[in-house]
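S.K.: The listed protein sequences derive, respectively, from chains H and V.
Mind the numbering: the first sequence is residues 1 to 114 in this note's numbering, read in order.
Mind the numbering: the second sequence is residues 1 to 111 in this note's numbering, read in order.
Heads up, some of the hints might be wrong.
Calculated pairs, DSS-like style, for lysine-lysine (alpha carbon to alpha carbon, straight line, at most 27 Å) [stated by the list, open to error]:
no.: 1; chain 1: V; residue 1: K98; chain 2: V; residue 2: K60
no.: 2; chain 1: V; residue 1: K36; chain 2: V; residue 2: K51
no.: 3; chain 1: H; residue 1: K17; chain 2: H; residue 2: K69
no.: 4; chain 1: H; residue 1: K57; chain 2: V; residue 2: K64
no.: 5; chain 1: V; residue 1: K51; chain 2: H; residue 2: K71
no.: 6; chain 1: V; residue 1: K98; chain 2: V; residue 2: K27
no.: 7; chain 1: V; residue 1: K68; chain 2: V; residue 2: K56
no.: 8; chain 1: V; residue 1: K56; chain 2: H; residue 2: K57
no.: 9; chain 1: H; residue 1: K17; chain 2: H; residue 2: K57
no.: 10; chain 1: V; residue 1: K98; chain 2: V; residue 2: K110
no.: 11; chain 1: V; residue 1: K110; chain 2: V; residue 2: K51
no.: 12; chain 1: H; residue 1: K18; chain 2: H; residue 2: K71
no.: 13; chain 1: V; residue 1: K98; chain 2: V; residue 2: K64
no.: 14; chain 1: H; residue 1: K57; chain 2: V; residue 2: K110
no.: 15; chain 1: H; residue 1: K69; chain 2: V; residue 2: K60
no.: 16; chain 1: H; residue 1: K65; chain 2: V; residue 2: K98
no.: 17; chain 1: V; residue 1: K38; chain 2: V; residue 2: K98
no.: 18; chain 1: H; residue 1: K65; chain 2: H; residue 2: K17
FYI, nobody ran anything at the bench for these hints, they're computed from the structure.
It should be emphasised that the depicted structure is a prediction, and the values quoted were computed from it without experimental measurement.
Next come the chains, spelled out residue by residue.
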Amino acid sequence: EAQVTQNPRYLITVTGKKLTVTCSQNMNHEYMSWYRQDPGLGLRQIYYSMNVEVTDKGDVPEGYKVSRKEKRNFPLILESPSPNQTSLYFCASRITSGAPNEQFFGPGTRLTVL
Amino acid sequence: SQELEQSPQSLIVQEGKNLTINCTSSKTLYGLYWYKQKYGEGLIFLMMLQKGGEEKSHEKITAKLDEKKQQSSLHITASQPSHAGIYLCGADPLNFNKFYFGSGTKLNVKP
């Protein structure tokens with residue numbers, strides 16, 4: 001089944017404790033992206049990757065890191081989480097064709113930073 | 001950056017009524033997407049529009065992209081409780097790298 005998976009689905013952590021949220025897709029998509037969703041602010045793009053070893057900042061990259069060493073994986077790293085990073089996070093992937101095409105979303109990771 | 005304004009922010013309708021949600025862009029839309037989200041859950045892709053004047057339908061949901069490609073509307077006919085959720089429009093900029101979402105429209109359908 002074609003899908004985007006994220007782990008963990010739920011995470012409660014404390015300020016400053018490094019964490020990684022994994023994202024994996026099995027559709028051989030070049031493009032992958034991370035978003036956060038907050039009430040009243042909608043979904044905002046954190047980072048995106050056009051292909052392996054190619055990453056770039058979205059609109060809200062502060063406090064986050066990403067890497068794209070393999071095509072299927074795109075982990076989101078919070079080196080020193082803070083309470084303002086409490087949010088619902090989504091990973092997504094799509095093909096890169098220079099034309100509009102659908103993004104496939106993971107189920108989301110609900111992160112709480114105390 | 002591309003800004004997407006959605007209206008209304010929330011909507012409560014009686015079951016069976018029609019409704020329309022609008023998405024207006026500050027720049028030309030190269031790809032316009034509609035997603036639905038159940039509260040706190042993942043996004044479900046509804047439709048994608050790319051050509052000015054394009055209209056697509058799926059079951060009782062119809063989406064249109066205006067000729068100038070700066071506004072899209074999502075119309076639900078004879079709403080049902082299963083239509084309840086958050087509707088989000090999303091857009092591609094010219095070079096298809098970043099992606100932008102509107103702030104969403106919360107829809108409640110009263111039985």
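S.K.: What are the numbers of the hints the structure violates, in ascending order?
M.R.: Of the numbered hints, 1, 4, 5, 8, 10, 11, 14, 15 do not hold.
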